[in-house]
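Novice: In order, the protein sequences belong to chains A and B. This note's numbering puts the first residue of the first sequence at 1, with every later residue one more than the last. This note's numbering puts the first residue of the second sequence at 1, with every later residue one more than the last.
No lab work stands behind these hints, which were simulated from the structure alone. Take these hints with a grain of salt, some might be off.
Output of the computed footprint for chain B on chain A, the stretches with three or more beta carbons under 8 Å from beta carbons of chain B [unchecked claim]:
#1 64 to 77
#2 113 to 124
#3 253 to 265
Quick caveat: nothing in here was measured; it's all calculated off a predicted structure. A virtual CB, placed ideally from N, CA and C, is assigned to each residue, including glycine.
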Amino acid sequence: MLLSPYPTLGERIRIALLWLWCGLVILFLIVPILIPVPLSFNSGTFFIFPLEGVSTRWYEVVLGTQRWQAAIGNSLIVAFGTTLIATALGTLTAIALSDDKFPGRRIVMPLLLSPLIVPVVITAVGSYLFYARVGLASTYAGIILAHTALASPFVVVTVGASLTGFDRNLMRAAAISGAKPVTSFFRVMLPLILPGVLSGAAFAFVTSFDEVVVVQFLASANQRTMPLEMFIGLREKLSPAITAAATLMMGLSIVLLVVANLLARRSQRRPNAGA
Amino acid sequence: MSALQPSELDRPPLARGRSAADADFKSASAVLRRADFGDRLRSLALAAPLLVLLALSFGIPIVLLLSRAVYDPTIANALPQTTQALSGWNGQGLPDDAAFAALAADLRGSQAKGTAYELAKSLNARLPGARSQVLKTVRQLEAAGDKPPLDVMKSVPFWSQPGTWPAIANGTHSITSFYLMSALDLRWNNDGGIERVPPEQAIFLQVFMRTFFVAAAVTLATLILGFPLAYLIASVPKGLAAILIVAVLLPFWTSILVRTAAWTVLLQKFGLVNDLLLWLGVAEVRLDLMYSRIGLIIAMTHIQLPFTLLPIYSVMRTIQPSQMKAAYSLGAKPVTAFRRVYLPQVFPGVMAGCLLTFILCLGYYITPALIGGASDQLISNFIANYVNVELNWEMAAALSFILLVLTLALFGIFARILGLDRLKLV
Chain A
1 MLLSPYPTLG ERIRIALLWL WCGLVILFLI VPILIPVPLS FNSGTFFIFP LEGVSTRWYE
61 VVLGTQRWQA AIGNSLIVAF GTTLIATALG TLTAIALSDD KFPGRRIVMP LLLSPLIVPV
121 VITAVGSYLF YARVGLASTY AGIILAHTAL ASPFVVVTVG ASLTGFDRNL MRAAAISGAK
181 PVTSFFRVML PLILPGVLSG AAFAFVTSFD EVVVVQFLAS ANQRTMPLEM FIGLREKLSP
241 AITAAATLMM GLSIVLLVVA NLLARRSQRR PNAGA
Chain B
1 MSALQPSELD RPPLARGRSA ADADFKSASA VLRRADFGDR LRSLALAAPL LVLLALSFGI
61 PIVLLLSRAV YDPTIANALP QTTQALSGWN GQGLPDDAAF AALAADLRGS QAKGTAYELA
121 KSLNARLPGA RSQVLKTVRQ LEAAGDKPPL DVMKSVPFWS QPGTWPAIAN GTHSITSFYL
181 MSALDLRWNN DGGIERVPPE QAIFLQVFMR TFFVAAAVTL ATLILGFPLA YLIASVPKGL
241 AAILIVAVLL PFWTSILVRT AAWTVLLQKF GLVNDLLLWL GVAEVRLDLM YSRIGLIIAM
301 THIQLPFTLL PIYSVMRTIQ PSQMKAAYSL GAKPVTAFRR VYLPQVFPGV MAGCLLTFIL
361 CLGYYITPAL IGGASDQLIS NFIANYVNVE LNWEMAAALS FILLVLTLAL FGIFARILGL
421 DRLKLV
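Hey, can you work out the whole structure from these sequences and the hints?
Specialist: Now the structure itself:
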């Protein structure tokens, strides 16, 4: 499709230029995210190429010092809490929305997606203002609540997509066979939409694990997460430990999102769905 | 609406059987309607936990923040007697002595209640220089002893200056447009009209223009970089396309913070970008790319490129190659076929990608905070700064209000002309 049936020389040159341009764009996309990886294994204190030598000292800093360990622990607490709540409530909501009987879907859907649309600073500042009044600022619960708002749209959308391939007659069949709604949910519906639910959970986890703006406003020194520790480090003093932390975070989110996308693809029966 | 629409008959046989037992058609439809109502209620109940949680954790905070932009009772609360004394004032010249006396009493009261500093700060936002004058007057009133408070007030020239009392009178209204106007560098003049604030006080229009400029520059850059790549990926065989799309998705899946961190490393004076520029001979000396506008735009372009590219690609993928072949066989030159057959069809994708990137750029916070210099801070950074440094919630709220209205308006345009379905999250 790139070339017309009888390409002229000019056309061949244009296509060659297109390949060259795209090659450069791919380099522009990929090189920056790969740069922290070799730097994180550098034995020197500066991140300048050529590297001085190979060492894992910066990983020892990130995984071994109390400050970073606490940050990783906080990140995991917040991300798991968020994933649990967002996945449970998001799945219920997606099931409700997939029902034709749901009233006012046209109003509810944009409202559910609004946390993705509102600039995150506004969400962060608003949460800070309100949560401080009700005693939720500087608590894990507060951060998890705010992150649940940001993460739940992903669950609603992925589970919703997997429900388009779900045959509701199966639930009727289960009901006729005498199953209670809860039983038929766990025994019939959930196993079939599980890839979509797990995919949504992975998106929720990554959303929370990567989030830094809301945390910046809501967290006290005791709740600093890994991204926040990175943000502070980038502002204060650029240490190669940050490249090690960046590499770890990048690895985790890429692995989880690859899994999430594979699951999402599997759960959607329609061809060409999702990108 | 009839109660017996086909879709409503399509319900569990048990329910239908029960309603069929009623011989009377009217009562049957009533049962159906009731069952239908129950179904609706049940599906709403399933969604309720998340909706309630979102309302509490997200809805109320946003509404509360926005309300701070138009509701500021600080001055009215601190100056109850003055508020009353000024209620009949026509706003011309100076108010009568009763108002001065009321203000003196309120200032002493605010000192006793410990709200004097709050008041001074709030008044200072409307009346530059008021902070020190309020605190000074409060101290003098404390120390006055037998001297009548009215004399103390008259002895401080500030309280007899022309602009002072109109500002106080405006401040006593709890519902105020002052902050929203300030966020647009506007103010009410003494005749009740709207005017621009003097140039030395105007800051926000410049920040909004800067935000628009950066957003537009990044959008254009992502389009120039992304469109050809999307075209290539949509045109090559499936296997190669899969590899190329991974190259787009890998950065897409890496968090903004991590990518910003990578760029802070790259853009250093002795970083790779400068190495490359020297090696290519583009630059003679090492450039200061960190804390610069150009560095910010480069990093934001990298982060936004997949957002622009993916919607374009998803449209290009749907275009049948046979259409281009048809155009060729009808005698169209490649350029003509591309321009007349291909471009019009991918235009919605281009619009979707560009609008999405533009909207997201308006709300950027992390990247400007870490890579931009003092003169490259965007509107979100000003909002954060008003909260963190200046402790001026009203101004932060007003800027949030305007940023949110802009964002929602652009999303409204997006949904209107392209449909929200184009907004793929996953």
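Novice: Compare the structure with each hint and give your call.
Specialist: A quick look at each hint next to the structure:
1. 64 to 77: Coverage by chain B is violated here, the residue count being 0 at a Cβ distance below 8 Å.
2. 113 to 124: holds (count 12)
3. 253 to 265: Coverage by chain B holds for the stretch 253 to 265 of chain A (7 residues, Cβ < 8 Å).
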